[in-house]
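**Q** Sequence:
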Amino acid sequence: MATSFKQIEENLKNEARKLLEEGKVSLVLAYGRGYDEDHPVPFVARVVADVENMVFNEYCTANMARYLVRYPRGTKMAIAVKPADSRAVVQLIQEDKIKREDVILLGIPVIGMKNSKTGEVIDSKTTCGMYNPVLYDVLLGEEIHGQTVVSPYDVLAEYETMDKDARFAFWKKEFDKCIRCYACRKACPMCYCDPCFIDQNKPKWGDKSPQSHGNLMYHLTRFHHLAGRCIDCGECSRACPVDIPLYLFHKKVAKECEEMFGQAAGKSIQDKPVLVNFRVDDSDKILE
Numbered sequence: 001m002a003t004s005f006k007q008i009e010e011n012l013k014n015e016a017r018k019l020l021e022e023g024k025v026s027l028v029l030a031y032g033r034g035y036d037e038d039h040p041v042p043f044v045a046r047v048v049a050d051v052e053n054m055v056f057n058e059y060c061t062a063n064m065a066r067y068l069v070r071y072p073r074g075t076k077m078a079i080a081v082k083p084a085d086s087r088a089v090v091q092l093i094q095e096d097k098i099k100r101e102d103v104i105l106l107g108i109p110v111i112g113m114k115n116s117k118t119g120e121v122i123d124s125k126t127t128c129g130m131y132n133p134v135l136y137d138v139l140l141g142e143e144i145h146g147q148t149v150v151s152p153y154d155v156l157a158e159y160e161t162m163d164k165d166a167r168f169a170f171w172k173k174e175f176d177k178c179i180r181c182y183a184c185r186k187a188c189p190m191c192y193c194d195p196c197f198i199d200q201n202k203p204k205w206g207d208k209s210p211q212s213h214g215n216l217m218y219h220l221t222r223f224h225h226l227a228g229r230c231i232d233c234g235e236c237s238r239a240c241p242v243d244i245p246l247y248l249f250h251k252k253v254a255k256e257c258e259e260m261f262g263q264a265a266g267k268s269i270q271d272k273p274v275l276v277n278f279r280v281d282d283s284d285k286i287l288e
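Oh and the sequence shown: position 62 is 62 in this note's numbering, straight run, nothing missing.
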């Protein structure tokens, strides 16, 4: 039986309080109260008194790994990690953005998480379909087992029946809605480049105005940069104010990478990022 959200919240507070009191970390990344219970916000506890402002419920979907790279290397941190969040941490370790010894992972098994915009339950259609973190130091609830295993790629069935022209037309229609708010970039734990390519002027890689050709350039380049790195948390799609189903493209690329190289992003700290790891037995399909 899954641990209740309320119990996980209490366990989170207890662990955060203990870590801060003992001086093992200088901050704890978790969730805090928003303007109502359905809209919790990313939260940083720096002193013990901050812990009382922590919350955890079914709407705590933000990927807190997004904030790890904001702090100087060597900063001792604890972070609340759901399954996809833990994959992001693993990927950041693989890419040498953080050190494993600098982070204490407070693992949270989850089922029944909800989209705060719609109230709908988030499932494998928009996330990685996992219930338990892949890496943790302390588990804040009982591991979840016995659930129906659904492939995170099942949602691609209809998309994959489209030919190339239909897919291009589909994405052009979707990208034409883009207002270039960059919420997808801000929500993504793997978008940490500073400056981002789209913010550079010398050289100028793309038009920043929300027009068709500029939108296409921005999104296709971002998709390319996340190839083999997307950990399938779905935050980009949930953050999008015009509901572009960005997760579809990321899932398609992730599926291709897994089929070609036998590796999914953020599953093991022993792995190397798939597109920088040359193996003599790699598939040549990527060259086709």
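No lab work stands behind these hints, which were simulated from the structure alone. Built from N, CA and C at the ideal position, the CB exists for glycine as well. Careful: at least some of the hints might be erroneous.
What the hints assert, rightly or not - Computed beta-carbon distance windows for the label pairs:
{"#": "1", "residue 1": "Glu22", "residue 2": "Tyr71", "range": "15 to 21 Å"}
{"#": "2", "residue 1": "Ser212", "residue 2": "Val138", "range": "35 to 41 Å"}
{"#": "3", "residue 1": "Thr161", "residue 2": "Asp207", "range": "31 to 37 Å"}
{"#": "4", "residue 1": "Pro203", "residue 2": "His145", "range": "49 to 55 Å"}
{"#": "5", "residue 1": "Lys164", "residue 2": "Leu139", "range": "41 to 47 Å"}
{"#": "6", "residue 1": "Glu10", "residue 2": "Pro72", "range": "28 to 34 Å"}
{"#": "7", "residue 1": "Lys164", "residue 2": "Asp282", "range": "33 to 39 Å"}
{"#": "8", "residue 1": "Asn277", "residue 2": "Lys255", "range": "17 to 23 Å"}
What the hints assert, rightly or not - The calculated EDC-like cross-link candidates involving lysine to aspartate or glutamate, where the alpha carbons are at most 16 Å apart (straight line), are:
{"#": "9", "residue 1": "Lys18", "residue 2": "Asp50"}
{"#": "10", "residue 1": "Lys13", "residue 2": "Asp50"}
{"#": "11", "residue 1": "Lys267", "residue 2": "Asp50"}
{"#": "12", "residue 1": "Lys13", "residue 2": "Asp38"}
**Q** Output the numbers, in ascending order, of every earlier hint that fails for this structure.
**A** 2, 7, 11, 12
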